[in-house]
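A.B. asks: Those protein sequences? They're chains A and B, same order as listed.
Heads up: the first sequence begins at 5 in our numbering, then just goes up one per residue.
Heads up: the second sequence begins at 247 in our numbering, then just goes up one per residue.
Treat each hint with caution, since some may be false.
[Stated by the list, open to error] Calculated Cβ distances over 10 Å to all of chain A for the following chain B residues:
| hint | residue |
| --- | --- |
| 1 | ASP290 |
| 2 | ASP572 |
| 3 | VAL589 |
[Unchecked claim] Okay, the calculated bits of chain B under chain A, using three or more residues with CB under 8 Å as the criterion:
| hint | region |
| --- | --- |
| 4 | 343-351 |
| 5 | 354-361 |
| 6 | 378-388 |
| 7 | 441-453 |
| 8 | 480-490 |
| 9 | 590-602 |
| 10 | 670-684 |
Read the hints as simulated data drawn from the structure, not as lab findings.
Where a beta carbon is used, it is the ideal one built from N, C-alpha and C, also for glycine.
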Amino acid sequence: MPLHDLLQRLRIALTGSPPEDEAASVPMVPAAEYDASQALLTEAQRQLAVTEAEYNTTRTLLIETQRRLAVADQRIAILGSSNRTAARAIRQFLQDREQLVAEREAVEVRLSIAVGERSIAIADQQRTMILNDQLLSTLRDHEDARQHLEEENQRLRRRLTERTASVAVEADDGERSAAV
Amino acid sequence: MGDRSVTIAIPVHNGANYLGEAIESALRQRHAETEIIVVDDGSDDDGETFAIASAFGDRIRYLHQSQSGVAVALNTALANASGRLFSWLSHDDLFEPGKTEIQVQILEAVNRDDVCLFSDLSWIDAAGRIMGEQRLDQTVLAHNPRLAFYEGLINGCTILTTRELLLRVGGFDARYPHTQDYRMWWRLAREANFVHVPRCLLRSRLHPDQGSHRSVALVENSAFWDDVLDETSVLEAALVDGSRERFLRRTGEFLRYRSPNRRVADRADRMARTSAAETSVSVVIDVGSDAVAARRAIASVEAQTRRPDEVILVGDHAILEALGPDGACTRRLRPTPERRLPVRLRLGLLAARGDYVAFLISPDLFAPEKIAAQVARMSAQGCVFSHSSYRSGGEAVATGSFGGRVHPEILGDCYIEISTVMIQRVLFLSGLLFMNDDAPLASSWIEVAARHEVLGLEEPLSDIEAPWAQREAEPLLTWLRASAEYRHHTAPLHRLEMRLAGSLPSRRSGEGADDGASVTAQVPAGGTDAAA
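So that you can see chain A by itself, here it is in the shape it has in the complex:
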């Protein structure tokens, strides 16, 4: 059935008045068709109700989605702001870290210098001790040599004295025997 006819029948069913042709007591549609139209109408009404219910559901969903979207937008805005804060914090953190690393390096250098100077002082002292030892060893050798020379000198002096004395005694004896 063409859509036009269907609408006509619907109109009749709804208004309760037959079309002008019917008023001329010429029934345009048979009863069976009328019943079918009624059924069709009922079905259309049911579908309309279903569609309306779906529409309402969809609308509710839409409102809920819009609300959620607004919340999400708000959250994105907040997160965007937080992100900027975080980025700033990270930049600051990195700067601080760099500064701390530089400070640590400087402290390590200062510590190395201080400990190094102490270490050098101790090493210098140890080398001085070793040199002192060598020097003392040389001194002791010289002292021993001096003592040895002194003893030798004394021994020679004693021998010289003894020889002089014996020469004197011999001279005395010679003089005495000559006198005799």
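Could you slot chain B onto chain A? The hints should help.
C.D. replies: The following block gives chain B in isolation, referenced to the frame of chain A:
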């Protein structure tokens, strides 16, 4: 180039595998005045090493020599370097970016041309992954600078020093292709100063192709440590570990557990066992004014179970003449008219040749086992100063338990008797003993205790007629009050004052010290209080 200029020498032989990374790490140095010299030690890898080096163009200098070993390659770099400072990078290792800059700052601040810096390092595997770190104890190394060498802690690629210093000690010894570095550090340890930088400045690669793993390198390494054992003097050993015996034991442990030199480790242990017996001993005897008493004192020395190598007799000319130059031990006579004991003892010490020196003031006597016991304990423990309990008036006086770290306790309670003291001669060389002619003897013990541990032997090893320490309490207090270094130690000084005032009883065995160290000294009847 200027004073801050650095040459980084990279010797390489067939090292195309890692050379590029090494050069890049050298080029990444933050220090501006850096020259990089790659010395190709006769690579025969079809030009691969050359190709790697050439890729860096004029950012590096490339020198080639016929294969002669690392030592010659390093000497080639030394001869051709234009930097005042010199560092060495193995072709398979990597510098950290700040290495040169940090070390240059330290060298500048220290401002000495006889300093060689070395640093901590991290180990990497063949792929460059960090496997671990070698971090050294800076405080220990500062107190004992030579230990870095003797413990094998110096990695050549962490050093920075002046080129002139390396040339002054003769450069790297080409006769030793595998130990040229350690022979260089040995010379530097004796003639220059190693300073540790407490930071990992090198990534040292561990991989199976390393030359040091070859058997020929191990043989050369053993020969090197044999030389170290033989040529380290008693004095040097005492400076590093307190005594030659301790030095040998520690070196033996190091060689056994941290290097593959078991044969040399065994040899070090054998040498350690005989070390105490082989060491030389002198006894300085102040002969006093009684020749008969002096003869008894000398006889007690000559009757030792272990005779000393010499006795030094110090005193009046007439007494020495009476005693004569001959005896069971070699005698050295040091006549002096000087009456002050520190001066006489100093004179004796100047004449003493022994590694260990004992003192005896006539009429005191030594117990027969004194020298053997004291040398054995000092040698085993690596102590430079020891004293013992003694007998006086027929009673044992237990001063020998006074030992360990006794400073500042010793300021208030010094019971060390001169005739019980034995030192290592190295202590005298450090200028701590008898340097002040008019100071009490205890001032020398205090100076020693402030710097070293004191070894106390509990067995009485001397007979003392009139304990010297008791007579010295008053002059000691005067000396301490006048000393800028010690007068602020109020508690021990107060204790000494109280003892002198007679308000404190003498410390007897079992009493605890009130400021730290445990002191169980006993004084003879009519001891310090009476003397005070």
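A.B. asks: A separate judgement is required for each hint: does it hold in the structure or not?
C.D. replies: Now for the hints, and whether the structure bears them out:
Even its closest Cβ contact with chain A, about 42 Å, leaves ASP290 of chain B beyond 10 Å, as expected for a residue assigned away from the interface. With 10 Å as the threshold on Cβ separation, the claim that ASP572 of chain B sits away from chain A holds: the shortest Cβ distance comes to roughly 12 Å. Residue placement check: VAL589 of chain B keeps its beta carbon more than 10 Å from all beta carbons of chain A (closest about 17 Å). Under the rule that three or more residues need a Cβ within less than 8 Å of chain A, the assignment of the region 343-351 of chain B holds, with 3 such residues.
Check on the region 354-361 of chain B: 4 of its residues sit with their Cβ under 8 Å from a Cβ of chain A, so the three-residue criterion for coverage holds. Counting residues of the region 378-388 of chain B whose CB lies closer than 8 Å to any CB of chain A gives 4, so the stated coverage by that chain holds, three being the minimum. Requiring three or more residues with a Cβ within less than 8 Å of a Cβ of chain A, the coverage given for the region 441-453 of chain B holds, as 5 such residues are present. With 3 residues having a Cβ less than 8 Å from any Cβ of chain A, the region 480-490 of chain B passes the three-residue criterion, so the hint holds.
Three residues within the 8 Å Cβ limit are the bar, and the region 590-602 of chain B against chain A gives 3, so the coverage statement holds. Three residues within the 8 Å Cβ limit are the bar, and the region 670-684 of chain B against chain A gives 4, so the coverage statement holds.
Violated hints are absent here; each numbered hint is respected by the structure.
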